[in-house]
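Asks: 201 is the number that our numbering gives to position 124 of the sequence shown; each next residue is one higher, with no gaps.
Calculated directly from the structure, the hints in this document are not laboratory data.
Don't take every hint at face value.
[Stated by the list, open to error] Here are the simulated DSS-like cross-link-like pairs (lysine-lysine), alpha carbons at most 27 Å apart as the crow flies:
#  : residue 1 : residue 2
1  : Lys806    : Lys792
2  : Lys662    : Lys450
3  : Lys170    : Lys137
4  : Lys794    : Lys806
5  : Lys662    : Lys692
6  : Lys692    : Lys450
7  : Lys564    : Lys806
8  : Lys806    : Lys137
9  : Lys450    : Lys170
10 : Lys699    : Lys662
11 : Lys137    : Lys450
[What the hints assert, rightly or not] With beta-carbon atoms standing in for the labels, derived distance ranges:
#  : residue 1 : residue 2 : range
12 : Pro317    : Val482    : 53 to 61 Å
13 : Gln465    : Asp739    : 45 to 53 Å
14 : Val482    : Thr377    : 34 to 42 Å
15 : Ala747    : Glu153    : 19 to 27 Å
16 : Gly449    : Gln607    : 53 to 61 Å
17 : Glu334    : Lys170    : 44 to 52 Å
18 : Thr377    : Glu349    : 30 to 38 Å
19 : Gly314    : Asp167    : 45 to 53 Å
20 : Gln465    : Pro317    : 44 to 52 Å
21 : Asp739    : Thr700    : 19 to 27 Å
Yeah, the Cβ is synthetic: ideal placement off N, Cα and C, and Gly gets one too.
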Amino acid sequence: MEAAVLPSRAAYLIADGSAAGFRTAVTQASSRWGGMTEPIVEALASGLSPLHEQTVRVAKVEALVNIDADPLAAEEIAAGLGLPLVALADMRKYGVVFTCSPDEVREFTDAAYAPIAASPTGPLWQLAVAGCVEPGLREHARVSEREDEFGRYQLQSDTRIQGTIAQFGEYLSPTPGHTSMVLWVVEGEGFADSLDFWNTRAMRPVDTIDMPMLLLPGADAVKNWIDFPEQVAHLLGSRPGQFAPDVALVSRSASPEQLLELASVLGLEPTEEEPRAGVRIPVPPTRTAPFTFRTDLDPTAWVTLERHYGVPTSFDVQVFADGPSTLRFAQPVRFNGHAGALVRFWGEPLLGLPARPSIARLVHPDAQWRDGKLQLAFLPMTHQLAVQLTFPLLPQATERLLDDVATGHQLSPAGRLGTALAERADSTALLEPGVYEAAIALTTPRSKELLKRLQELRADGDPDADLAELAATWGGRSERRYLPADKVPNVRAEDRAAALERLCALGWAERGLESVCPSCTSRSFVPLGQTSGSPQCPGCGAVSAYQSGGAPTAVHYRLDSFTDRASDNGLLPHLLVIAELCRRKPRSHFLPGTDVTFADGTQEEVDIYGVWDGKVLSGEVKTSASEFDEAQLRRDVALSQRLGADVHLLASVTPVSEAVRDTARELCDAAGLELEVLDQADLRPAAQKPVPATAADGLGWLRAATADLAALVEKGKPVSHGQVARVLKTAGGGAAPVPGHIAVLSWALTEHRDDAANLLLRLLGALDTAVREHGAAEPGA
Numbered sequence: 078m079e080a081a082v083l084p085s086r087a088a089y090l091i092a093d094g095s096a097a098g099f100r101t102a103v104t105q106a107s108s109r110w111g112g113m114t115e116p117i118v119e120a121l122a123s124g125l126s127p128l129h130e131q132t133v134r135v136a137k138v139e140a141l142v143n144i145d146a147d148p149l150a151a152e153e154i155a156a157g158l159g160l161p162l163v164a165l166a167d168m169r170k171y172g173v174v175f176t177c178s179p180d181e182v183r184e185f186t187d188a189a190y191a192p193i194a195a196s197p198t199g200p201l202w203q204l205a206v207a208g209c210v211e212p213g214l215r216e217h218a219r220v221s222e223r224e225d226e227f228g229r230y231q232l233q234s235d236t237r238i239q240g241t242i243a244q245f246g247e248y249l250s251p252t253p254g255h256t257s258m259v260l261w262v263v264e265g266e267g268f269a270d271s272l273d274f275w276n277t278r279a280m281r282p283v284d285t286i287d288m289p290m291l292l293l294p295g296a297d298a299v300k301n302w303i304d305f306p307e308q309v310a311h312l313l314g315s316r317p318g319q320f321a322p323d324v325a326l327v328s329r330s331a332s333p334e335q336l337l338e339l340a341s342v343l344g345l346e347p348t349e350e351e352p353r354a355g356v357r358i359p360v361p362p363t364r365t366a367p368f369t370f371r372t373d374l375d376p377t378a379w380v381t382l383e384r385h386y387g388v389p390t391s392f393d394v395q396v397f398a399d400g401p402s403t404l405r406f407a408q409p410v411r412f413n414g415h416a417g418a419l420v421r422f423w424g425e426p427l428l429g430l431p432a433r434p435s436i437a438r439l440v441h442p443d444a445q446w447r448d449g450k451l452q453l454a455f456l457p458m459t460h461q462l463a464v465q466l467t468f469p470l471l472p473q474a475t476e477r478l479l480d481d482v483a484t485g486h487q488l489s490p491a492g493r494l495g496t497a498l499a500e501r502a503d504s505t506a507l508l509e510p511g512v513y514e515a516a517i518a519l520t521t522p523r524s525k526e527l528l529k530r531l532q533e534l535r536a537d538g539d540p541d542a543d544l545a546e547l548a549a550t551w552g553g554r555s556e557r558r559y560l561p562a563d564k565v566p567n568v569r570a571e572d573r574a575a576a577l578e579r580l581c582a583l584g585w586a587e588r589g590l591e592s593v594c595p596s597c598t599s600r601s602f603v604p605l606g607q608t609s610g611s612p613q614c615p616g617c618g619a620v621s622a623y624q625s626g627g628a629p630t631a632v633h634y635r636l637d638s639f640t641d642r643a644s645d646n647g648l649l650p651h652l653l654v655i656a657e658l659c660r661r662k663p664r665s666h667f668l669p670g671t672d673v674t675f676a677d678g679t680q681e682e683v684d685i686y687g688v689w690d691g692k693v694l695s696g697e698v699k700t701s702a703s704e705f706d707e708a709q710l711r712r713d714v715a716l717s718q719r720l721g722a723d724v725h726l727l728a729s730v731t732p733v734s735e736a737v738r739d740t741a742r743e744l745c746d747a748a749g750l751e752l753e754v755l756d757q758a759d760l761r762p763a764a765q766k767p768v769p770a771t772a773a774d775g776l777g778w779l780r781a782a783t784a785d786l787a788a789l790v791e792k793g794k795p796v797s798h799g800q801v802a803r804v805l806k807t808a809g810g811g812a813a814p815v816p817g818h819i820a821v822l823s824w825a826l827t828e829h830r831d832d833a834a835n836l837l838l839r840l841l842g843a844l845d846t847a848v849r850e851h852g853a854a855e856p857g858a
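Please construct the entire structure, taking both the sequences and the accompanying hints into account.
Replies: Take a look at the structure:
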């Protein structure tokens with residue numbers, strides 16, 4: 078398994094334009110491990126701006142702390158983000174935002190060279206640059222009163238706020254690699270620039286991006302900082318030329334003229350060079366003066382990246398399926414004292430489980446899902462951690478998910494049949510060529526289906542003899558249907574025997590012989606194990622025979638009674654659909670029919686419900702897609718939504734039309750569900766197409782057909798239509814000939830019989846030459 082250790086982080090909500098709120102938020106963040114990565118966002122009248130909402134989501138914080146925003150607006154914003162809302166006064170006692178002081182994760186710092194911090198009442202830009210320190214913790218940072226130090230210490234990343242990311246980790250974090258230096262310029266109070274700078278830096282990956290950031294006052298201040306332009310030039314000249322330009326000047330308060338003035342002070346020159354960022358191999362030489370800048374670049378795109386937070390580690394664990402498993406491992410963060418932190422776990426035992434609160438509680442009473450992983454809070458954090466977790470199996474998880482949404486649930490009668498049938502054998506065999514079709518063909522038709530077929534034949538005007546034959550073929554309820562391999566419909570001839578034998582291997586079917594009574598003419602199935610001696614008619618008791626009318630004895634196949642009953646109840650399509658779902662995503666488990674009772678007393682039956690590789694899937698299976706009318710679709714989607722599904726399933730063994738798909742998609746979009754459609758193309762795909770024939774193949778077929786035809790003509794007898802058809806079939810590589818072609822060739826042979834032999838021999842010689850040149854082979858060679 079793997080784990081990652083990280084601080085519990087928050088986003089701070091301040092009133093629109095609140096400088097006081099910004100100061101308070103910076104003070105809080107400066108005292109927390111990971112504080113530099115905690116966003117500060119404004120509560121506008123309409124909620125959060127799109128940029129600030131994106132910032133909070135990318136930061137993946139644990140909670141929203143209300144600093145001074147309107148309480149009602151704060152509640153609405155927190156609800157929209159799906160985050161708990163915490164009052165400022167409750168930060169130190171609310172567990173979800175608990176973390177430790179940065180001094181608990183920093184290495185020893187010489188008091189003589191302590192990092193700088195700003196005064197809580199100092200300029201906003203200085204607070205954004207360096208953070209601040211509470212009066213009781215001044216031994217861990219030095220409050221500077223020199224303006225230029227806030228510029229110089231940024232170049233060294235030696236500030237109080239920078240110390241909050243000691244041992245702070247990220248993993249699997251994509252990055253643009255190397256980018257231009259981002260230089261924010263503040264004119265006046267600089268609230269907007271300080272806030273934007275803070276949030277852009279909060280989103281900047283900690284270790285995987287080379288993107289220096291500076292926040293500076295205007296040229297009137299910087300021009301008095303001795304040697305500062307040289308220090309900036311030294312930093313710019315130490316960077317490989319992986320990017321362009323050297324500097325991106327950004328400001329919401331400075332005019333274009335003021336930006337140009339600061340650029341001049343720093344010795345920067347404007348450029349129209351196309352911006353670029355990334356990594357180049359081999360590494361290019363370092364940048365050289367004159368260093369360039371642009372004022373039209375937005376650094377947000379460089380840092381708005383999906384990432385995972387925490388310092389990761391991996392370890393082995395012995396997992397028990399029927400009880401708690403103890404996880405013991407050395408966590409990778411070195412703490413200096415009494416500290417708390419979060420640990421996120423992931424790995425094989427958790428794969429496939431839906432990220433639902435109830436499933437997390439099955440693993441551990443205090444566990445939560447975060448970022449697709451299982452999270453626990455530890456206090457205190459020790460170097461060696463030990464925790465007991467219980468990893469539920471997917472059937473347990475499925476039961477718990479139903480408990481979440483229903484007051485009662487149980488397998489439906491059909492569901493019990495389907496479950497029992499699936500437990501007897503691997504139902505994925507239904508996906509094999511012909512197996513499903515063979516099982517359906519062997520299913521004994523019951524009265525309802527028989528009546529339907531009789532009505533169809535009567536409506537088509539079939540004679541009574543056909544109706545009687547149908548009734549005799551289907552039989553009554555007491556006799557299960559049985560068929561020989563060559564009578565199994567809807568299965569390719571080459572697949573019939575294998576499909577029927579597969580059903581026997583599963584224990585779903587049995588082999589036998591058909592006996593015909595000479596007295597009462599009744600037919601019956603005799604299992605192979607009972608075929609010794611002469612059969613006895615089960616009706617009249619007369620001695621019967623295993624053949625009738627001289628026909629050779631053939632092996633017949635019959636479903637066992639349980640499988641026959643399950644198939645008659647329509648369970649095979651359910652098992653077929655489940656097999657396909659599990660084939661696509663093996664970490665899955667489904668119930669093939671469940672009766673559900675909701676809190677309001679209503680009862681529903683869902684055809685398929687379960688876990689599909691971490692998602693909850695619910696849906697309906699129909700033998701015929703024509704049953705999916707709009708009313709049925711509305712009922713099915715509403716039920717999936719009520720069952721808390723992530724994915725709605727629409728499945729049929731016949732083709733689902735585009736109109737049905739479109740209606741289902743619209744309903745699912747409105748319900749916030751994904752749609753998964755399985756139909757004939759997915760469940761019963763056409764047989765593999767033969768390899769396309771080559772020109773050499775065609776010559777071989779034509780040569781063989783010509784030779785056959787020449788042999789027939791040489792006999793001097795008329796060539797029949799059947800013989801002509803076989804010749805044309807050979808010439809077509811086995812494809813059935815068109816009747817018109819048979820008629821034309823038969824007429825030509827009759828009209829030109831005398832010349833046909835010589836013509837065919839000359840053609841055969843020419844074809845032999847062509848075959849040798851093209852390397853064609855005759856059929857069977």
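Asks: Could you run down the list of hints and mark each one as holding or not?
Replies: Verification of the hints:
For the proposed pair Lys806 and Lys792, the alpha carbon gap of about 21 Å is at most 27 Å, so the pair holds. Under the criterion of a C-alpha separation no larger than 27 Å, the hint pairing Lys662 with Lys450 is consistent with the structure, at around 19 Å. The suggested pairing of Lys170 with Lys137 holds, with an alpha-carbon distance near 21 Å, which does not exceed 27 Å. Annotation: proposed proximity of Lys794 to Lys806 holds, straight-line Cα distance about 21 Å (limit 27 Å).
Proposed proximity of Lys662 and Lys692 is supported: the alpha carbons are some 11 Å apart, at most 27 Å. For the suggested pair Lys692 and Lys450, the alpha carbons sit about 14 Å apart, so the restraint of at most 27 Å is met. At most 27 Å may separate the alpha-carbon atoms for a hinted pair to count; Lys564 and Lys806 meet this at roughly 24 Å. The straight-line distance between the Cα atoms of Lys806 and Lys137 is roughly 68 Å, outside the 27 Å bound, and the hint therefore fails.
For the proposed pair Lys450 and Lys170, the alpha carbon gap of about 25 Å is at most 27 Å, so the pair holds. Taken as a hint, the Lys699 and Lys662 pair is honoured in the structure, with Cα atoms around 22 Å apart against an allowance of 27 Å. For the proposed pair Lys137 and Lys450, the alpha carbon gap of about 13 Å is at most 27 Å, so the pair holds. Between Pro317 and Val482 the CB atoms are about 57 Å apart, so this pair conforms to the stated range of 53 to 61 Å.
Hint check: Gln465 to Asp739, Cβ distance near 50 Å, so the stated range 45 to 53 Å holds. Checking the proposed 34 to 42 Å range against Val482 and Thr377 shows it holds: the Cβ atoms sit about 40 Å from each other. Restraint check, Ala747 to Glu153: a C-beta distance of roughly 23 Å satisfies the suggested window 19 to 27 Å. At roughly 58 Å, the beta-carbon separation of Gly449 and Gln607 lies within the given 53 to 61 Å, and the hint holds.
Restraint check, Glu334 to Lys170: a C-beta distance of roughly 51 Å satisfies the suggested window 44 to 52 Å. About 22 Å separates the C-beta atoms of Thr377 and Glu349, a value inconsistent with the hinted range of 30 to 38 Å. In this structure the supplied range 45 to 53 Å holds for Gly314 paired with Asp167, their Cβ-Cβ distance being about 49 Å. For Gln465 and Pro317, the Cβ-Cβ distance of about 50 Å falls inside the hinted range of 44 to 52 Å, so the restraint holds.
A hinted range of 19 to 27 Å holds for the C-beta pair Asp739 and Thr700, which are about 22 Å apart.
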